[in-house]
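Asks: Sequence:
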Amino acid sequence: MEKHQRPLSPFMLGSGYKFQQTSVMSFLHRLTGIASLVVVLVICAWIIAIPFNLNLAIGIQSLLTHYAFFPLLAIGVASTVYHFCNGIRHLFWDAGIGISNEEAQKSGRWVIIASVIVTIAILGVGICA
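Letter by letter, the sequence shown follows residues 0 to 128 in numbering that gives the first Met the number 0.
Mixed in with the good hints there might be a few duds.
[To be verified] The calculated label-pair distances, taken between Cβ atoms and stated as ranges, are:
#1 Ala44 x Ile74: 13 to 21 Å
#2 Gly58 x Val23: 31 to 39 Å
#3 Val23 x Ala128: 28 to 36 Å
#4 Ile112 x Leu36: 24 to 32 Å
[Stated by the list, open to error] Using 20 Å as the maximum straight-line C-alpha spacing, the simulated SDA-like pairs for lysine to any residue come out as follows:
#5 Lys105 x Phe91
#6 Lys17 x Glu101
#7 Lys105 x Val23
#8 Lys105 x Ser22
#9 Lys17 x Leu27
#10 Lys105 x Trp92
#11 Lys105 x Ala128
By construction, these hints were calculated from the structure, which means they are not laboratory data.
Beta carbons are placed, not taken as given, at the ideal position from N, Cα and C, and that holds for glycine.
Kindly generate the complete structure, drawing on both the sequences and the hints.
Replies: Right, here's the structure in full:
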């Protein structure tokens, strides 16, 4: 009896693994979850600093509103929006909706499109305000 040389896990990288849209989006969902946590921690640090050290709170606020910080702010907003949109997609999957390969590809494209549109809208409102 001949043993087959298969990967031990479907998540292993190497010659036997081919990147797919759903796997890349799954990885991005995890990564954006971590990035969103960092955003929330920074906002919490700012809010907590207000009653305890007003100078620190003002310093954090001036850092967060400085134009040089805008690229990081945009990445944080895009990360949170993507994580939210993809989370809604996962809720549908949990309900058994849209789990075929074709539907997963289509919903993945919609998640990307919605994330870009909502991110631009949020940043546009923020810049104009």
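Asks: If a hint holds in the structure, say so; if it doesn't, say that too.
Replies: Taking the hints in turn, this is what the structure says about them:
The given range of 13 to 21 Å is respected by Ala44 and Ile74, whose C-beta atoms sit roughly 18 Å from each other. Separation of Gly58 from Val23 is about 38 Å and conforms to the stated range, judged on CB atoms against 31 to 39 Å. Restraint check, Val23 to Ala128: a C-beta distance of roughly 34 Å satisfies the suggested window 28 to 36 Å. A beta carbon spacing of about 25 Å between Ile112 and Leu36 agrees with the range 24 to 32 Å that was offered as a hint.
Annotation: proposed proximity of Lys105 to Phe91 holds, straight-line Cα distance about 13 Å (limit 20 Å). For a cut-off of 20 Å, the pair hint linking Lys17 to Glu101 stands: about 17 Å separates their Cα positions. Straight-line distance between C-alpha atoms of Lys105 and Val23 comes to about 14 Å, which keeps the hinted pair within the 20 Å bound. With a CA separation close to 14 Å, the supplied pair Lys105 and Ser22 stays within the 20 Å bound.
Restraint check for Lys17 and Leu27: satisfied, since their Cα atoms lie roughly 16 Å apart, inside the 20 Å limit. For the hint pairing Lys105 with Trp92, the CA-to-CA distance comes to about 13 Å; that is within 20 Å, so the pair holds. Of the supplied pair hints, the one linking Lys105 and Ala128 is violated, its CA atoms being roughly 35 Å apart against a limit of 20 Å.
When the structure is compared with the earlier hints, a violation turns up for hint 11 alone.
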